[in-house]
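> Chains as they are written, first to last, in our numbering: chain A, 100 to 425; chain B, 100 to 425; chain C, 100 to 425; chain D, 100 to 425; chain E, 100 to 425.
Hints are computed from structural coordinates only; laboratory data are not their basis. A portion of the hints provided could be inaccurate.
Because identical chains cannot be distinguished in the list, a pair is counted as satisfied if it fits within a single copy or across any two copies.
Derived EDC-like pairs: lysine to aspartate or glutamate, alpha-carbon spacing no greater than 16 Å straight-line [what the hints assert, rightly or not]:
hint : residue 1 : residue 2
1    : K146      : E304
2    : K360      : D222
3    : K297      : D330
4    : K206      : E223
5    : K296      : D344
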Amino acid sequence: MVAGNISFISYNADSFIEKKAADIEACTQLNASDSVYWLHITGAEQKDILTALAARYQIHPLVVEDILHTRQRPKVESYGTYLYITLRLFKEQQLKLSSQQISFVLKDNLLISVVEQDNAVFDEVKNRLARKQGVIRQKGEDFLLYSLLDAVIDSYFEVLEDFSSEIEVLEERIIGHAVKQHLVQLQHIKRSLILFKKHTVPVRELLSNLDRNEVAFFETENRPYLRDLLDHSFRVNDSVETYRDILTSLMDLYHSMMSNKMNEVMKTLTVISSFFIPLTFIVGVYGMNFDVMPELRWEYGYFLVWGVMVALSMALYITFKKKKWF
Amino acid sequence: MVAGNISFISYNADSFIEKKAADIEACTQLNASDSVYWLHITGAEQKDILTALAARYQIHPLVVEDILHTRQRPKVESYGTYLYITLRLFKEQQLKLSSQQISFVLKDNLLISVVEQDNAVFDEVKNRLARKQGVIRQKGEDFLLYSLLDAVIDSYFEVLEDFSSEIEVLEERIIGHAVKQHLVQLQHIKRSLILFKKHTVPVRELLSNLDRNEVAFFETENRPYLRDLLDHSFRVNDSVETYRDILTSLMDLYHSMMSNKMNEVMKTLTVISSFFIPLTFIVGVYGMNFDVMPELRWEYGYFLVWGVMVALSMALYITFKKKKWF
Amino acid sequence: MVAGNISFISYNADSFIEKKAADIEACTQLNASDSVYWLHITGAEQKDILTALAARYQIHPLVVEDILHTRQRPKVESYGTYLYITLRLFKEQQLKLSSQQISFVLKDNLLISVVEQDNAVFDEVKNRLARKQGVIRQKGEDFLLYSLLDAVIDSYFEVLEDFSSEIEVLEERIIGHAVKQHLVQLQHIKRSLILFKKHTVPVRELLSNLDRNEVAFFETENRPYLRDLLDHSFRVNDSVETYRDILTSLMDLYHSMMSNKMNEVMKTLTVISSFFIPLTFIVGVYGMNFDVMPELRWEYGYFLVWGVMVALSMALYITFKKKKWF
Amino acid sequence: MVAGNISFISYNADSFIEKKAADIEACTQLNASDSVYWLHITGAEQKDILTALAARYQIHPLVVEDILHTRQRPKVESYGTYLYITLRLFKEQQLKLSSQQISFVLKDNLLISVVEQDNAVFDEVKNRLARKQGVIRQKGEDFLLYSLLDAVIDSYFEVLEDFSSEIEVLEERIIGHAVKQHLVQLQHIKRSLILFKKHTVPVRELLSNLDRNEVAFFETENRPYLRDLLDHSFRVNDSVETYRDILTSLMDLYHSMMSNKMNEVMKTLTVISSFFIPLTFIVGVYGMNFDVMPELRWEYGYFLVWGVMVALSMALYITFKKKKWF
Amino acid sequence: MVAGNISFISYNADSFIEKKAADIEACTQLNASDSVYWLHITGAEQKDILTALAARYQIHPLVVEDILHTRQRPKVESYGTYLYITLRLFKEQQLKLSSQQISFVLKDNLLISVVEQDNAVFDEVKNRLARKQGVIRQKGEDFLLYSLLDAVIDSYFEVLEDFSSEIEVLEERIIGHAVKQHLVQLQHIKRSLILFKKHTVPVRELLSNLDRNEVAFFETENRPYLRDLLDHSFRVNDSVETYRDILTSLMDLYHSMMSNKMNEVMKTLTVISSFFIPLTFIVGVYGMNFDVMPELRWEYGYFLVWGVMVALSMALYITFKKKKWF
C-alpha cells in the first residue's frame with residue numbers, strides 16, 4: 100500500500116483539516132460529529148483499501164467491484180443509507196481522447212471519491228474549501244458532491260471546446276485544399292466523439308435520476324444546484340449532437356471537394372484530349388506513305404492543313420466555353 | 100457603471116412612465132402598488148447592477164451567474180416566488196448567424212429583462228405600451244412577459260424566412276449550374292441551421308414547461324396567449340426540421356449534378372477517343388516505312404483508307420446513338 | 100364586403116335551408132333551436148366579417164387572428180364553450196403542391212367553417228345534406244364536423260395517390276434511362292412530400308387530442324366516426340413515411356444508375372484505348388526514319404507486324420472477356 | 100350471390116359441423132348455445148351478405164365499410180359487445196409482394212372472418228378442428244381467433260424467410276460480380292420490404308392493444324397464447340428492421356463494388372496509357388522528316404531508342420508496383 | 100434418450116451433489132426441502148424429456164414449445180408460480196457469429212436450464228458452487244439464476260471485444276491500403292453486429308421487466324445483483340450502438356480512401372496525357388510528307404522543335420505544380 104495516495108479532509112464552517120494518510124485507520128481516527136468528511140482515494144486498483152473501507156462503512160460488495168472494474172457505465176445507485184455514483188473524466192491530447200473512471204459514495208457527513216489517476220480537476224474545489232471561498236464551508240456533504248460533479252462536467256465543456264476548435268481548423272483546411280490526411284483526422288475526431296458521447300449521454304440520465312429519486316440525500320436549499328448540473332449535462336448532450344451533425348456535414352463537404360477535384364482533373368484531361376487527339380489524327384493522315392496522295396503535292400497543302408487545324412481548335416474552344424468547362 | 104443602459108418602465112391602465120436611470124436606486128424609488136414594473140437592462144456583463152438587483156429582490160445567486168454566463172441553454176426555472184427564463188435571440192447577416200442571450204425574471208408586479216446588446220426586438224412592445232395599443236395596459240406583468248416572448252419568437256420566423264430564401268436561391272443556382280462555391284454556401288447554411296436548431300428546440304420545452312407547471316404566475320384568462328406561444332414554437336421546430344430535410348436533399352442534388360457533369364465530361368472524352376484513336380492507328384499503319392507494303396502502291400489505296408475510316412466512324416456514330424450517348 | 104361569399108345552412112331531420120348572404124346579420128336572423136347551423140365563409144382575409152362573428156358568438160380574439168393569419172400549424176384548441184380547429188387542404192398540379200388553410204369553430208348547434216379559396220371538397224357533404232343522404236340529417240353539428248374533416252382527409256389520400264403515381268412513373272423512367280431531368284423531378288416530389296408531411300403529421304395529433312380530451316363536444320354514439328378519422332390520419336402518415344423511404348431508395352437508384360453508366364462509359368474508353376494505344380505505338384516504331392532499321396528491309400516485315408498486332412489484340416480480347424468487361 | 104363462398108362451422112368438444120351455405124339465412128339456422136360458431140366469408144366485396152350479417156348481429160355500419168374498403172390499416176376496435184380486427188395477409192412471388200385484407204368480428208360464441216380471396220392459410224386450423232387435434236375443440240371462440248391470428252403471423256415468417264433467402268442470394272451475387280440487374284432486384288426487395296413493414300408494424304400495436312384493453316373477450320387461461328402472439332409480432336418487427344439494415348448495407352456494398360470496378364478499369368487505362376503514350380511520343384520524334392536530324396544517321400540510333408524505351412518501361416513498372424497498382 | 104445430457108445439481112450451504120442422470124425420474128428422486136435444485140439439460144430438441152418435466156412441474160405447453168423452437172426472441176414470461184426466461188448465447192469464430200438459445204424456468208427451490216449445445220459458459224458458476232466460492236452456496240435459486248445470466252452477459256462482452264479488435268485491425272488496414280477484401284470483411288462484421296444487436300437489445304427489456312414486475316421471485320437482498328445485470332445489459336447496448344457508428348464511419352472512410360485512390364489514378368493519367376499528347380501532336384506535324392514544308396528544310400528546325408517541346412513541358416509542369424497535382 101503506497102502511503103499518501105489517500106487524502107482525508109474534514110471541515111466545517113470554522114475548521115479545515117487535510118491529512119495525507121498511510122492507511123485507512125490513520126484517517127478515520129478524526130471524529131467530530133459536526134464536520135463533513137471527504138475521503139479522496141487516488142488509484143482505483145487498491146482492493147485492500149476499498150475492501151477495508153467497505154467493511155467499515157457497510158458498503159455493498161457490488162459497489163467495491165464496480166469501483167475496481169473501471170469500465171462502468173455512468174450511473175447512480177441508491178443502497179438505502181448511501182448513494183453510489185460513477186462517471187468518467189476525459190482528457191484530450193492531440194486528437195486522442197483518454198478517460199478514467201471517477202466513483203463517489205455519499206453517506207451521512209461523508210463523501211468518498213475514488214479516481215484512477217491523479218489529476219487537477221478537483222483542485223479548485225479543494226482550494227475553495229481551504230480558503231473558505233464561497234458558501235461551500237457552510238454547506239454539507241451534498242454540496243461538496245455537487246461541487247465535484249460540477250468540476251467534472253465543466254471539464255467536459257473543455258473537451259468540447261477542443262473538439263470545436265479542431266473541427267473548425269479542419270473545416271477551413273478542407274475548404275482550402277482537401278487531402279487524404281484530413282480524412283484520417285476526421286475519422287479520429289469522429290471516433291473520439293462517438294466515445295465521448297457513449298460516456299456522457301448516461302450522465303444526463305444519472306443526474307435526472309438523482310434529481311427525481313434521491314431527494315433524501317440533498318438539502319432542499321441545495322436542489323437548485325443539482326438542477327443547474329442537470330442543465331449543464333443537457334448542454335453537453337446538445338453540443339455532442341451538434342458536433343456530430345457538423346462532422347457528418349464535414350464528411351459530405353470532404354467528399355464533395357474530392358469529387359469537385361476529380362471533376363476538374365477529368366475536365367483537364369478531356370479538354371486536352373479533345374483538342375489534340377483529332378489534330379494528331381489529321382497530321383497522321385498526311386504522314387502516310389501512299390504513292391498517290393494528291394494533297395501532298397499541292398503547293399499550299401501544308402498551310403491548308405494548319406488552317407483546318409486552327410479552325411477546328413477554335414470551334415472546340417467555343418464549344419467548351421459554352422459548356423462552361425473553363 | 101454606464102448611465103442610461105437601464106430602462107425603467109412602470110405602467111397601469113392610466114399612466115405610463117419611462118426612465119433612463121443611472122443606477123438601480125434611482126429606478127426603484129418609484130413605488131405604486133397598482134402598477135406593473137418593467138426593468139430592462141442592456142449589457143449582461145454588468146455584475147454590479149445584477150448583484151444589487153438580486154440582493155434587493157431576493158434572487159438566487161445561481162440566477163445571477165446564469166445571466167452573466169451568456170451561454171445558457173434555453174430554460175425556465177421556478178424559484179418559488181419568481182420565475183427565471185432564458186433563451187436566445189438570433190440575427191442573420193450574409194449567411195452568418197449571430198446570437199445573444201435574453202434573460203427574464205418574473206416576480207409579482209415586476210418583470211426584469213436582460214439583453215447582451217441593444218436591439219430593436221422589444222421596441223414594438225414598448226410602443227404598444229406607450230400608445231396604449233391593444234389590451235396590454237389593462238393586463239399584468241405575465242401578459243408583458245408573453246408579449247416579449249412573442250416578439251422573440253416572431254424574430255425566429257424572420258430568421259427562418261432568411262433561411263428559406265437563401266435555400267431557394269441556392270437551389271435554383273445548383274439546378275442551373277453547380278459550382279464549388281455553392282457547396283461552401285450550403286455548408287454555411289447547414290451550420291447556421293444546426294446552431295439555430297440547437298438553441299430553438301429547447302424553447303419548445305421551455306414553453307411547455309411553463310404551460311404545464313408554472314400556473315401560479317399566469318392569470319387564467321391569459322393562458323390562451325401562452326398556448327399560442329407554444330404553438331408558434333412548434334411551428335419553428337417544424338420549419339427547422341423541414342429545412343434540414345430540404346438541405347439534405349439539396350446536398351444530394353448537388354452531388355447528383357456533379358456526377359452528371361462528370362458523366363458528360365467522360366462521355367465527351369470517350370466519344371472523341373473512340374472516334375479518333377482507331378483512326379489514328381489506321382493512318383499510323385500506312386505511315387510505316389517497310390520496303391514491302393503492297394497497299395501503298397495501289398492507285399486508290401489512299402482513297403480506300405479514307406473510305407474505311409468514314410465507314411468506321413459511321414458505325415461508331417450509330418453505336419453511340421443507340422446507347423444514347425449523344 | 101363581397102356579397103355571396105357567406106353560405107348559411109340550417110337543417111334538421113325535416114328541413115334544409117341554404118342562404119347566400121350579404122352580411123352576417125342577414126344570416127343569423129334564422130333561429131330555430133332544434134336545427135343545426137353551418138356558416139361557411141369563403142375568403143379568410145375578411146377581417147370585418149370574422150370580427151363581427153367573434154363578437155356575436157363570444158369567440159376569443161386569438162381565434163380570429165389565427166383564422167386571418169393563414170399559416171397556422173394544424174391544431175385543435177378548446178375554449179370551454181367552443182372548439183377551434185385548423186388544418187390545411189392540398190392541391191397538386193404538375194409536381195407543384197399548393198395549400199390553403201381551413202378553420203372550424205364548433206359551438207352548440209353551430210359550426211363555422213372558413214376557407215381561403217373556393218373549392219369542391221365540401222360539396223359532397225352539402226349534397227348529402229340537401230338530398231338527405233345517409234344519417235347526416237339525423238345527427239348534430241359534431242357529425243357535420245366529422246363529415247367535413249373526413250372530406251379533407253379523403254382529399255389527402257388523393258394527393259398521396261398523385262405522389263404514388265408520379266413516383267411510379269419516375270421509377271420506371273430511371274430504370275429505363277436515367278437523365279438529369281429525372282433528378283430535378285425527384286427533387287420536386289421530395290420537396291412537395293416534405294411540405295405535405297410538415298402539414299399532415301400534426302393532423303394526427305389534432306385528431307388524437309380531439310379523441311382524448313374533447314369528449315364533451317361529441318355525442319358518444321358518434322365517437323366511432325372520430326376514431327375512424329384518427330385511423331385515416333394514421334394511414335396518411337404511414338403512407339408519407341413509406342413514400343419518403345421509396346424516394347430515398349429512388350435517389351439511391353438514380354445514383355447507382357449514373358455510376359453504372361459512368362462505369363460503362365469508362366470501360367468503353369479503356370477497352371478502345373487498351374486495344375489501339377499499344378498498336379499505335381507499334382506502327383509508330385516502324386514509322387521512324389532511322390537509316391539503319393533492319394526489320395524495314397525484311398520481305399515479310401510488314402506482314403509480321405500485322406501478325407504481332409492481331410495476336411496482341413486477341414490476347415487483350417481474352418483478358419477483357421475474363422474480367423467480364425464485355 | 101355465389102353459393103359456396105360462405106363457410107359455416109359450428110363445433111364443441113363433441114361435435115363438428117361444416118356447411119357451405121348459399122346464403123346467410125341457411126347458415127344461421129343452426130343454433131345450439133353450447134357451440135362455437137365460425138362464419139368464414141371469401142370475397143370481401145359482397146356488400147349484400149355483409150350488410151345482412153351486420154343487421155342480424157348489430158354490427159356498426161363503419162365496420163361493414165371497413166371490411167368492404169380493403170385498404171385498412173391493421174387495427175383492433177372495440178364496439179362494446181364485439182371486437183373488430185383487421186390485418187393483411189401477404190404472398191410473395193418472384194420478388195413481387197401481393198397482399199389481401201383479412202377482417203375478424205369476435206362476438207359471444209361467434210367469430211366472423213372475411214378474406215378477399217381464397218387461400219390456404221386457415222386450412223390447418225380447420226383441419227385441427229375437424230380432427231379434434233390439440234385443445235382447440237375444448238376452447239372457445241377467443242382461442243379460435245388466437246389460432247387464426249397465429250396462422251396469419253406464421254405466414255409473415257414465411258414471407259420473411261423468402262426475403263432472407265433472396266437477400267442472401269443477392270449478396271453472394273454482388274460479392275461475386277455486381278451487375279446492373281442486381282440493383283433493380285435490390286430496389287424491388289427494398290420496396291417490398293417497405294410495403295411489408297407498413298402493414299406489419301401496426302399489427303404489433305394491434306396485438307398489444309388487444310392484450311392491454313380487451314380483457315373481457317379473452318378467457319384468463321388463454322391469455323398466454325395472446326402474449327405468445329404479441330411476442331411473435333415483435334419478432335416480425337425485429338426481423339423487418341434487421342433486413343432493412345442488411346439491405347442498406349447491401350446497397351453500400353453494391354456501390355463499393357461498383358467503385359472498386361471503376362477503380363480497376365481506370366487503373367488499367369492509366370497503366371496502359373502511361374506505358375504507351377510516352378513511347379508513342381518517342382517513336383513519333385524519329386518519324387519526323389527534318390533534313391537535319393543527327394540521330395537518324397547514327398548506326399545504332401534505332402537500337403538506342405529501343406534501349407531508352409525498355410528502360411523507361413521498366414522504370415514505370417517499378418513505380419506502379421510500388422504504388423500497388425498491379 | 101442419450102444418457103448423461105441431463106445434469107442434476109442440488110446444494111445448500113453444507114452439501115453439494117451432482118448427478119449425470121439417464122432420465123428425469125432418476126434425477127428427481129433426490130428430495131430435500133432445504134436444498135436448491137438445478138436441472139441443466141443439454142440439447143433443446145429432446146421433446147420427451149421436456150414434456151415429462153413439464154408434466155411433473157405443471158409447466159405450460161407453450162413454454163415447452165418455446166424451448167423446442169429455438170428461434171425465440173429474448174423474453175421473460177411470468178406464469179404465476181414460475182418464470183420462463185429465454186435469451187441467446189453467441190460464439191464468434193473468424194468473423195462468423197453463431198448463436199444458440201438458452202432457456203430458464205425458475206420455480207420455488209428449482210432452476211431448470213436448457214441449452215442447445217454443450218458449452219463452457221456455465222462451468223465457472225458450477226465450479227463456484229462445487230468449491231463453495233463466494234456467497235452462492237448461502238443463497239437461493241434466484242441468486243443462481245442471477246449468476247447464470249451474469250455468465251451469459253459476460254460472454255456478450257467477450258463477443259464485443261472480438262468485434263472491437265476486428266474493427267480496429269480493419270481500420271488500420273483500410274487507412275494503410277484499402278482493398279476490396281476489406282469491404283467483404285466490413286460487410287461480414289456489419290451483418291454479425293446487426294444480428295447480435297437483434298438478439299441483445301431485447302435482453303435489456305427482459306431484465307428491466309424482471310426488475311420491474313417479477314419482484315416475488317427475487318429476495319430483496321439479491322435485487323442489487325439484478326440491477327447490476329440490467330446495468331451490464333445497458334453497457335452491451337451502448338457498445339453495440341457505438342460499434343455501429345464506428346462501422347458506418349469506417350465504411351465512409353473506405354469510400355473516401357477509394358475515391359482518393361481514384362483521384363490519384365486519374366491525376367496520373369491526366370498528367371501523363373497532358374504532357375505527351377500535345378508533344379505527340381507536334382512531332383506528328385513534322386512527320387507529314389507534304390512536298391512543301393519549309394520548317395523541314397531549316398538547319399536548326401529539329402532542335403527548334405525540341406526547344407518548343409521542352410518549353411511547353413515546363414509550362415505544363417508549373418501549371419500542375421500550382422494546382423497541387425504533384
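> Which of the listed hints are broken here?
1, 2 and 4
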